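Note that the protein sequences, when read in sequence, are chains A and B. Numbering follows my numbering, in which position 118 of the first sequence is assigned residue number 118; successive positions increment by one, without gaps. Numbering follows my numbering, in which position 24 of the second sequence is assigned residue number 24; successive positions increment by one, without gaps.
Hints are computed from structural coordinates only; laboratory data are not their basis. One thing to keep in mind: the hints can contain errors.
Not everything, but these chain B residues come out facing chain A in the computed CB check (under 10 angstroms) [as the list claims (entries may be wrong)]:
no. : residue
1   : Gly23
2   : Ile45
3   : Tyr74
4   : Glu109
5   : Arg133
In the DSSO-like style, the derived pairs of lysine-lysine whose C-alpha atoms are separated by at most 27 angstroms in a straight line are [claimed, not checked]:
no. : chain 1 : residue 1 : chain 2 : residue 2
6   : A       : Lys354    : B       : Lys98
7   : A       : Lys6      : B       : Lys136
8   : B       : Lys100    : B       : Lys136
9   : B       : Lys221    : A       : Lys6
10  : A       : Lys354    : B       : Lys212
11  : A       : Lys113    : A       : Lys181
12  : A       : Lys31     : B       : Lys64
13  : B       : Lys221    : A       : Lys260
14  : B       : Lys64     : A       : Lys345
15  : A       : Lys362    : B       : Lys212
16  : B       : Lys120    : A       : Lys369
17  : A       : Lys228    : A       : Lys201
18  : A       : Lys228    : A       : Lys157
19  : A       : Lys362    : B       : Lys113
20  : A       : Lys363    : B       : Lys113
21  : A       : Lys5      : B       : Lys212
22  : A       : Lys243    : A       : Lys157
23  : B       : Lys239    : B       : Lys119
24  : B       : Lys212    : A       : Lys345
25  : B       : Lys213    : A       : Lys352
26  : A       : Lys363    : B       : Lys29
27  : A       : Lys209    : A       : Lys28
28  : B       : Lys63     : A       : Lys369
The structure displayed is predicted, hence computed values, not measured ones. For each residue, glycine too, the CB sits at the ideal point set by N, CA and C.
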Amino acid sequence: MELQKKLEILSAAAKYDVSCSSSGSNRKNTKGGLGNATSCGICHSWADDGRCISLLKILFSNYCVYDCAYCVNRSSNDVPRAAFTPQEVADLTINFYRRNYIEGLFLSSAVTKNANHTMELLYESIRLLREEYKFNGYIHVKAIPGADLALIEATGKLVDRMSVNIELPSEKGLKLLAPQKEKQAILKPMNFISSKIAEKKDEIKVFKKAPLFVPGGQSTQLIVGATKDHDMNILKLSENLYKKYNLKRVYYSAYVPVSKNPLLPDLKTPPLLREHRLYQADWLLRFYGFSADELLDERNPDFDPQLDPKANWAVNNISLFPVEVNRADYEMLLRVPGIGVRSAKKIIMARKVKSLCFEDLKKLGVVLKRARFFITCKGKYFFNYNMEQLLIRQNLINGWETDEKKQEWEQISILSLIPEKPTLQDKLMSITGEI
Amino acid sequence: MVNYYYDGTFDGLLTSVYESYYGIEPPDKILRCKNLQQSILDKDIDIVTDSEKASKVYEAIHKKISYDALRNVYHAYLSELDEIDTYIYQYLRFGFKKGKSVDLYLTSEEVLKVHSAAKKVRTESHLMLGLLRFRKLNGGLYYAPYSPVYNITALISDHFVRRLSDQFWIIHDTKRNLAAVYNMVECVLTDLPEELQHQSLNTDDCFEDLWKKYFDSICIKDRINPKLQKRNMPARYWKYLVEKQ
Ligand code: SF4
Chain A
1 MELQKKLEIL SAAAKYDVSC SSSGSNRKNT KGGLGNATSC GICHSWADDG RCISLLKILF
61 SNYCVYDCAY CVNRSSNDVP RAAFTPQEVA DLTINFYRRN YIEGLFLSSA VTKNANHTME
121 LLYESIRLLR EEYKFNGYIH VKAIPGADLA LIEATGKLVD RMSVNIELPS EKGLKLLAPQ
181 KEKQAILKPM NFISSKIAEK KDEIKVFKKA PLFVPGGQST QLIVGATKDH DMNILKLSEN
241 LYKKYNLKRV YYSAYVPVSK NPLLPDLKTP PLLREHRLYQ ADWLLRFYGF SADELLDERN
301 PDFDPQLDPK ANWAVNNISL FPVEVNRADY EMLLRVPGIG VRSAKKIIMA RKVKSLCFED
361 LKKLGVVLKR ARFFITCKGK YFFNYNMEQL LIRQNLINGW ETDEKKQEWE QISILSLIPE
421 KPTLQDKLMS ITGEI
Chain B
1 MVNYYYDGTF DGLLTSVYES YYGIEPPDKI LRCKNLQQSI LDKDIDIVTD SEKASKVYEA
61 IHKKISYDAL RNVYHAYLSE LDEIDTYIYQ YLRFGFKKGK SVDLYLTSEE VLKVHSAAKK
121 VRTESHLMLG LLRFRKLNGG LYYAPYSPVY NITALISDHF VRRLSDQFWI IHDTKRNLAA
181 VYNMVECVLT DLPEELQHQS LNTDDCFEDL WKKYFDSICI KDRINPKLQK RNMPARYWKY
241 LVEKQ
């Protein structure tokens, strides 16, 4: 088969994996070598669906022995199949890289023959790149559940990031939609990778030159909307993954209907708004000091489609407001709807030399549309009357949505905009997870 | 009104700052090129670039204000925005009074203007690290033409020296006709000779086709969103993007 055809099939088969990030690693170039990794990550293009393209994202092969109901590559599905050779993967990566199309490679695979066989092929492709081609760009590889841990370890020594996709947020969902897979088979390699990463971190403290192991960390992906799980279950799972397995990122992928299987929900379009809310909440967990319990509970197990999670939390906890902008600490400022990491930092800086009024906040670029309900400046409210909880809620919903010309949330994939750390690309923040 | 005119180089700008303290008269404005509708009340002073004076100012900014201020000033200068030189001048005057806390005065106009210009330059630089495309010419040279809004060639070339250290390449700002040329040993900033400027770019590079294929097939057709695509990747940059040809 022609290389072009293979690329077409095996990139199309990989496109539902949403992770694209190239950040978190700062592997240096070597003498006579090619490439490096930058810890802030770089996007190289944006596809027609608006998602960022940073890595050459391909499957090694889409011949699969499994039959997971939600997946295009399931064995019972009638789709064109193909497999690369390690040499072809290396060639594509190197040549795309030299032209500055990509930051590196994201290599995954369907399970061909068995887990070990597949993992060996992934390992060989990466070994070729690192050792023969002296390639030092970013590599993210999927660890295949069920493969030998020794093989996973050897691969981990060569790559920047590794991930095992959980896909279905509950064991129940797994039993129903991917009965050949077991929870343990997924969690075992995750556990192994996270303990190896921790081990290496300790080693590096002692020996500066200790070999790297997955320096960019571990990530995973959860499918949203293929099972009956509530947002609360999903968010709690993420919280646990961040805490217990020290994951760098959890990605959420709105389920794209790829099958008419009666076990799957009959969706017309992928639940993008729900995906968006989860990203916002995830962001709150990682950078804003929120816990899952604060955002959702048994009575409200799903996010409000009309209000973002932070605004929702603030309205429900209105007794904590207003906060005085000139005195509130950083953590509290971050909890004000409309004030993000960047705005909070600016406020902290600017108030060192001047006591701030609403005009000053505008100059700093703080968006007051939502924040004004929750803050005072030098003791003064933005409005001169007291607002009721319900009224604020209405104002947030109506004011916000109409003012911003109804940003067609259903169509926006926020994922592509979210940088790993809330630093660079400041100007994008207002429309990303920073809320 | 007193106007200073300098030659457009960074040294020239710093010399202007020097003269404002030690020269005849401090300026109201600092400008790069003669503006044509000046009033008869204006007094124009031409600044002669002096690298010694410039480096004194450079050192002074670093020591008396901060390294960040120096960065901000350089990046703002590269923005080439209208009036930016005057704001840079005011920012530095303010900075020499306040020391390194100058960057906390986020509500003062001169600080705001310099910060925002510098940020624009940094944002575009970061974007270009990804969007720059090298075409492989038949001789094996990698050639990257682009046309950035701001003058960022000097800022981005370092990244490629580290990254693409084992290939010959040229990054060419076609708008300013400025190029960074790398020969696997060092990288220099230079004007490009006439004949190179109009080289035809008819390469028959199969990897360009493969890249286009990849670009198409990676997109999820149920989620087509041209608005989001344009917001992330403004159309003004598409001209040199292989995948958008
Ligand atoms: S094992 Fe992976 S590729 Fe194969 S059907 Fe299941 S999800 Fe799809």
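Here is what the structure says about each hint:
no.: 1; hint: Gly23; in the structure: 31 angstroms, violated
no.: 2; hint: Ile45; in the structure: 33 angstroms, violated
no.: 3; hint: Tyr74; in the structure: 18 angstroms, violated
no.: 4; hint: Glu109; in the structure: 9 angstroms, holds
no.: 5; hint: Arg133; in the structure: 6 angstroms, holds
no.: 6; hint: A:Lys354 - B:Lys98; in the structure: 14 angstroms, holds
no.: 7; hint: A:Lys6 - B:Lys136; in the structure: 23 angstroms, holds
no.: 8; hint: B:Lys100 - B:Lys136; in the structure: 46 angstroms, violated
no.: 9; hint: B:Lys221 - A:Lys6; in the structure: 19 angstroms, holds
no.: 10; hint: A:Lys354 - B:Lys212; in the structure: 53 angstroms, violated
no.: 11; hint: A:Lys113 - A:Lys181; in the structure: 15 angstroms, holds
no.: 12; hint: A:Lys31 - B:Lys64; in the structure: 39 angstroms, violated
no.: 13; hint: B:Lys221 - A:Lys260; in the structure: 18 angstroms, holds
no.: 14; hint: B:Lys64 - A:Lys345; in the structure: 24 angstroms, holds
no.: 15; hint: A:Lys362 - B:Lys212; in the structure: 43 angstroms, violated
no.: 16; hint: B:Lys120 - A:Lys369; in the structure: 24 angstroms, holds
no.: 17; hint: A:Lys228 - A:Lys201; in the structure: 38 angstroms, violated
no.: 18; hint: A:Lys228 - A:Lys157; in the structure: 38 angstroms, violated
no.: 19; hint: A:Lys362 - B:Lys113; in the structure: 14 angstroms, holds
no.: 20; hint: A:Lys363 - B:Lys113; in the structure: 11 angstroms, holds
no.: 21; hint: A:Lys5 - B:Lys212; in the structure: 12 angstroms, holds
no.: 22; hint: A:Lys243 - A:Lys157; in the structure: 23 angstroms, holds
no.: 23; hint: B:Lys239 - B:Lys119; in the structure: 24 angstroms, holds
no.: 24; hint: B:Lys212 - A:Lys345; in the structure: 41 angstroms, violated
no.: 25; hint: B:Lys213 - A:Lys352; in the structure: 53 angstroms, violated
no.: 26; hint: A:Lys363 - B:Lys29; in the structure: 24 angstroms, holds
no.: 27; hint: A:Lys209 - A:Lys28; in the structure: 13 angstroms, holds
no.: 28; hint: B:Lys63 - A:Lys369; in the structure: 41 angstroms, violated
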